[in-house]
Structure formats: C-alpha cells, structure tokens
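Visitor: Going down the list, the sequences are from chains A and B.
First residue of the first sequence? That's 1 in my numbering, and the numbers climb one at a time after it.
First residue of the second sequence? That's 1 in my numbering, and the numbers climb one at a time after it.
Please note that the accuracy of each hint is not assured.
What the hints assert, rightly or not - Now the in silico label distances, taken between C-beta atoms and shown as ranges:
| id | chain 1 | residue 1 | chain 2 | residue 2 | range |
| --- | --- | --- | --- | --- | --- |
| 1 | B | 149 | A | 33 | 45 to 51 Å |
| 2 | B | 198 | A | 70 | 16 to 22 Å |
| 3 | B | 128 | A | 118 | 51 to 57 Å |
| 4 | A | 85 | B | 81 | 25 to 31 Å |
| 5 | B | 146 | A | 179 | 25 to 31 Å |
What the hints assert, rightly or not - Here chain A is said to cover these stretches of chain B; the calculated rule only asks that three of the stretch's residues, wherever they fall, bring their Cβ under 8 Å from a Cβ of chain A:
| id | segment |
| --- | --- |
| 6 | 99–112 |
| 7 | 158–169 |
No lab work stands behind these hints: they were computed from the structure.
Given the structure is predicted, the values throughout are model-derived calculations rather than measurements.
We put the beta carbon where it would ideally sit given N, CA and C, even for glycine.
Protein chains: 2
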Amino acid sequence: MAAGTTRRRNATERASEIRDAAATIALTRGLAAISLRNLAAHCGVTAPLITHYEPNMEALVASTFASIAENEIAEVERYALAPAEPLAQIRALIEAIADPARDNVGEVWTDAWSLGRRNESLAEAARQSMDSWHALAIRIIRAGQDAGQFAPVNPERAALVLFALVDATSAYQLVNFRTRETRESLVRETLEDMLDISLTTDGEPAAR
Amino acid sequence: MAAGTTRRRNATERASEIRDAAATIALTRGLAAISLRNLAAHCGVTAPLITHYEPNMEALVASTFASIAENEIAEVERYALAPAEPLAQIRALIEAIADPARDNVGEVWTDAWSLGRRNESLAEAARQSMDSWHALAIRIIRAGQDAGQFAPVNPERAALVLFALVDATSAYQLVNFRTRETRESLVRETLEDMLDISLTTDGEPAAR
DNA sequence: ACTCTTATTGAACAGGTGGTAAATAATGGA
DNA sequence: TCCATTATTTACCACCTGTTCAATAAGAGT
Numbered sequence: 001m002a003a004g005t006t007r008r009r010n011a012t013e014r015a016s017e018i019r020d021a022a023a024t025i026a027l028t029r030g031l032a033a034i035s036l037r038n039l040a041a042h043c044g045v046t047a048p049l050i051t052h053y054e055p056n057m058e059a060l061v062a063s064t065f066a067s068i069a070e071n072e073i074a075e076v077e078r079y080a081l082a083p084a085e086p087l088a089q090i091r092a093l094i095e096a097i098a099d100p101a102r103d104n105v106g107e108v109w110t111d112a113w114s115l116g117r118r119n120e121s122l123a124e125a126a127r128q129s130m131d132s133w134h135a136l137a138i139r140i141i142r143a144g145q146d147a148g149q150f151a152p153v154n155p156e157r158a159a160l161v162l163f164a165l166v167d168a169t170s171a172y173q174l175v176n177f178r179t180r181e182t183r184e185s186l187v188r189e190t191l192e193d194m195l196d197i198s199l200t201t202d203g204e205p206a207a208r
Numbered sequence: 001m002a003a004g005t006t007r008r009r010n011a012t013e014r015a016s017e018i019r020d021a022a023a024t025i026a027l028t029r030g031l032a033a034i035s036l037r038n039l040a041a042h043c044g045v046t047a048p049l050i051t052h053y054e055p056n057m058e059a060l061v062a063s064t065f066a067s068i069a070e071n072e073i074a075e076v077e078r079y080a081l082a083p084a085e086p087l088a089q090i091r092a093l094i095e096a097i098a099d100p101a102r103d104n105v106g107e108v109w110t111d112a113w114s115l116g117r118r119n120e121s122l123a124e125a126a127r128q129s130m131d132s133w134h135a136l137a138i139r140i141i142r143a144g145q146d147a148g149q150f151a152p153v154n155p156e157r158a159a160l161v162l163f164a165l166v167d168a169t170s171a172y173q174l175v176n177f178r179t180r181e182t183r184e185s186l187v188r189e190t191l192e193d194m195l196d197i198s199l200t201t202d203g204e205p206a207a208r
C-alpha cells in the first residue's frame with residue numbers, strides 16, 4: 001500500500017473480496033490454510049480488519065467450503081444435464097468429474113472430511129453438498145432406467161456407490177496412490193458394470 | 001513431577017514411550033494433533049526432550065500413521081484368515097472392518113490423505129498400507145473364485161472397489177453423513193452384488 | 001568415591017494461531 | 001465546510017508451533 005494512502009472500500013465489496021481470498025487460499029493451500037493472517041496478507045490488509053468482517057474463522061472455513069462445493073455442483077450439473085439422453089448425461093457427468101481442473105476441489109473435499117470432525121458447521125456443509133451430488137446422480141440414473149437404458153438397480157445405492165468411488169479416488173490422489181488412469185477407470189468400469197452401460201462412445205452410431 | 005525428582009529412563013524405553021504417546025494422540029485427537037508440546041505433556045516431560053528423540057515431527061507423524069495402519073491390517077488379517085473357507089473369510093473381513101472400535105483408525109486414514117498432500121513420507125506410508133489392504137482382499141477374492149464360490153470378476157478391481165467404498169464411508173463418518181447402518185450396507189450389498197455372494201449367515205446350513 | 005556419559009531441563013528464539021480495545025482517518029451526507 | 005459514520009490500523013493479549021543452547025543432574029563404569 002502506498003504511503004499515507006489508506007484506501008477505504010465499501011463493506012460489501014470488501015466482504016466479497018475476503019470471501020474470494022478464502023476460496024483461493026482453500027483451493028491452493030487447503031482449507032486448513034484459511035487463517036486471519038493469510039487472508040490479511042492476501043488482501044493487503046491487517047488481520048483485525050478480517051476479524052471485523054469475519055468474526056469466526058470456523059464459520060468462514062465452513063462457508064468457504066460450501067461455496068466451493070456448491071459452485072462445483074452447479075457447474076457439473078449444468079454440463080451433465082445439457083444433453084437430452086440419460087446415457088449422454090451420465091457420460092458428461094463422469095467426464096466433468098474426471099477433469100483434472102477439478103483436482104483442487106477434490107483436495108478441499110478431503111480437507112472437509114478431516115476437519116469436519118471438529119467443525120460442526122463444516123460437517124453440516126459437507127453433508128448438504130453430498131446430498132446435492134447424490135440428488136443429481138439419482139436424477140440421471142432414474143431417467144436412464146425409465147428410458148430402459150440402465151439396469152434396474154436401486155438408484156439410491158447406485159448413486160451412493162458412484163460418489164463413494166469418486167470421493168475415495170480423489171482422496172487417493174492426494175497421496176498419489178496408483179495412476180490417474182487407474183483411479184478413473186475404477187470409477188468408470190464399476191459404473192458401467194453396475195448400470196450395464198458403456199461410457200465410451202466407441203462403436204456408437206455416429207450422431208453427425 | 002515431584003520436586004527434585006528427575007526420573008531418568010534409558011533411551012530405548014523413552015523412545016517407545018514417545019512413539020506410544022504419538023499413537024494415542026493420533027487416535028484420539030487426529031494426526032494433526034501430534035506436536036512437541038502435546039507429546040511432552042502426555043509423557044510428563046519437557047518439549048526439548050521430545051526433540052531429542054524425534055527431531056522431525058513430519059517424520060514422526062508418518063511413522064506413527066504407518067504403525068497404526070500396519071497394526072490394524074495385521075489384526076484384521078489375522079481375524080479374516082482364521083476361517084478356512086473363502087466365504088467365511090470375506091465375511092470375517094467385512095465384520096472386522098465394520099467394527100466401531102476401528103472408527104478411530106478410520107479417522108487417522110482420512111487425516112493421512114489430507115495431510116499426505118504436504119508430507120511426502122506420510123503419503124508414502126499411506127500408499128504402502130493401501131497396498132497391504134488390497135493384497136489381503138485380492139488374496140481372499142482369488143481364493144473364493146478358485147473355489148468357484150465368487151463371481152469371476154477382475155480381483156484387482158473388485159479389491160479396489162471394496163476398499164474405495166470402505167475408505168469413502170469412513171470419511172463420511174467423520175461428518176456424520178447418513179447412518180452407520182446405511183454406510184455399512186453400502187459396502188456390504190455392493191460387495192454381495194459384485195461377487196454374487198451372501199455376507200449374512202441367514203439360511204445357511206448350520207455348521208454345528 | 002570419582003568420572004564420564006547422556007538423559008533431561010530451563011530459558012530463550014522466531015513465528016504461527018484467533019482475538020480485543022482503542023485510536024486513526026477516509027468517506028458520504030447535511 | 002463540517003459532522004457523523006465506519007473502514008481501517010496500531011498495539012496488544014494468550015496461546016500455539018518447531019527449534020536451539022547451555023546448564024543440570026542422574027546413572028553406569030571404574
């Protein structure tokens with residue numbers, strides 16, 4: 001900051017700057033790195049100012065996670081529901097989830113489970129976002145079954161299995177367990193077997 | 001500590017006392033709670049003494065995790081391999097894993113994935129123990145297939161799926177997602193479908 | 001009884017955490 | 001132009017983190 005020049009921002013603008021900083025920190029250094037000082041440094045401001053806007057760090061961690069997670073779900077949902085056919089939808093869903101650009105979000109999820117044990121608001125946010133994920137999967141699976149394209153397994157359980165595999169593999173990734181290809185195909189092939197579908201477009205009648 | 005009485009212990013004894021303290025702290029307060037001061041307080045000793053025995057906290061976290069994980073695997077393996085029949089073995093395996101007494105270990109695993117991102121020794125230890133788990137599952141699954149009792153699916157993938165479900169549900173537990181019964185049956189029923197077996201002993205010919 | 005080794009402590013360091021009270025100063029409105 | 005509001009800072013607090021250095025004292029060996 002330039003000497004003597006104490007820039008003053010209106011409250012809502014500053015508040016959203018801080019929330020953005022929290023999200024950036026969470027995605028690059030983990031949920032545990034969200035702290036008064038890190039936020040202050042990131043915004044070029046002193047620590048007590050952060051307190052002024054966010055009097056409770058635990059709550060900020062929780063709301064930051066919620067924002068990141070809900071944001072991701074909204075994006076993925078938009079991408080997955082774009083096609084009309086359930087088979088194309090579930091392919092899009094898997095494709096979106098597997099995108100390496102989402103690795104950081106996976107890290108934040110793992111942080112959330114670990115920290116959620118001692119941060120009830122965070123745990124609550126995690127449960128809520130998990131419900132959103134499952135609702136999306138169930139919706140697609142049901143549609144595929146109604147269209148007679150997916151095997152008639154229990155949709156709730158299939159959705160749960162799908163996301164359990166996704167969640168486990170994203171945790172595995174943090175410690176570099178197996179290769180990305182192995183982790184991805186674990187999800188893909190299990191889902192193919194479970195719903196009796198093919199997630200690749202090989203051998204499909206070309207739609208062009 | 002009593003006035004003037006500075007108890008002195010031989011090095012190996014003190015070293016193992018510290019390692020035990022680390023394990024206790026990890027299991028009750030998480031891997032992240034392993035710190036010089038927590039260890040010192042737990043052993044009734046000053047912080048620099050801990051440094052004397054464990055000059056590197058990151059390494060201690062990693063070795064503590066490795067010890068807890070390998071210990072658990074050894075226990076579960078002993079229990080699961082006790083019966084002769086593969087079907088009885090996999091039932092024992094699932095039963096052992098589901099035991100609520102192991103909840104703490106599940107928490108430590110989730111900590112390990114989260115912290116492993118920034119502690120390579122810890123990540124390495126996690127990979128190694130995950131390999132041990134998978135080896136155990138593959139062994140039982142292969143035996144069941146050789147005996148014609150399990151469906152002839154890819155054993156590597158089935159083992160991976162099994163532990164991905166176990167790992168995900170133990171992460172879910174930290175944030176109280178769904179009920180224990182739902183989490184358990186997710187693992188159980190998926191495994192039953194995958195291997196075409198029954199994990200309950202209902203309707204079995206009684207072996208007495 | 002003496003000496004040598006070394007387990008252990010006390011006291012400090014630099015830096016991190018969340019948080020508070022009061023002073024400062026920029027801004028919007030009258 | 002002055003005032004009231006409030007965003008922002010400065011200066012603290014207590015407690016946590018890992019780490020270093022030198023002094024202390026317990027125990028083992030002779």
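Visitor: Work down the list of hints and note, for each, if the structure agrees.
Guide: To see whether the hints hold, each was checked on the structure:
no.: 1; hint: 149/B - 33/A: 45 to 51 Å; result: holds (49 Å)
no.: 2; hint: 198/B - 70/A: 16 to 22 Å; result: violated (40 Å)
no.: 3; hint: 128/B - 118/A: 51 to 57 Å; result: violated (27 Å)
no.: 4; hint: 85/A - 81/B: 25 to 31 Å; result: violated (47 Å)
no.: 5; hint: 146/B - 179/A: 25 to 31 Å; result: holds (28 Å)
no.: 6; hint: 99–112; result: holds (count 4)
no.: 7; hint: 158–169; result: holds (count 8)
The structure shown violates the earlier hints numbered 2, 3, 4.
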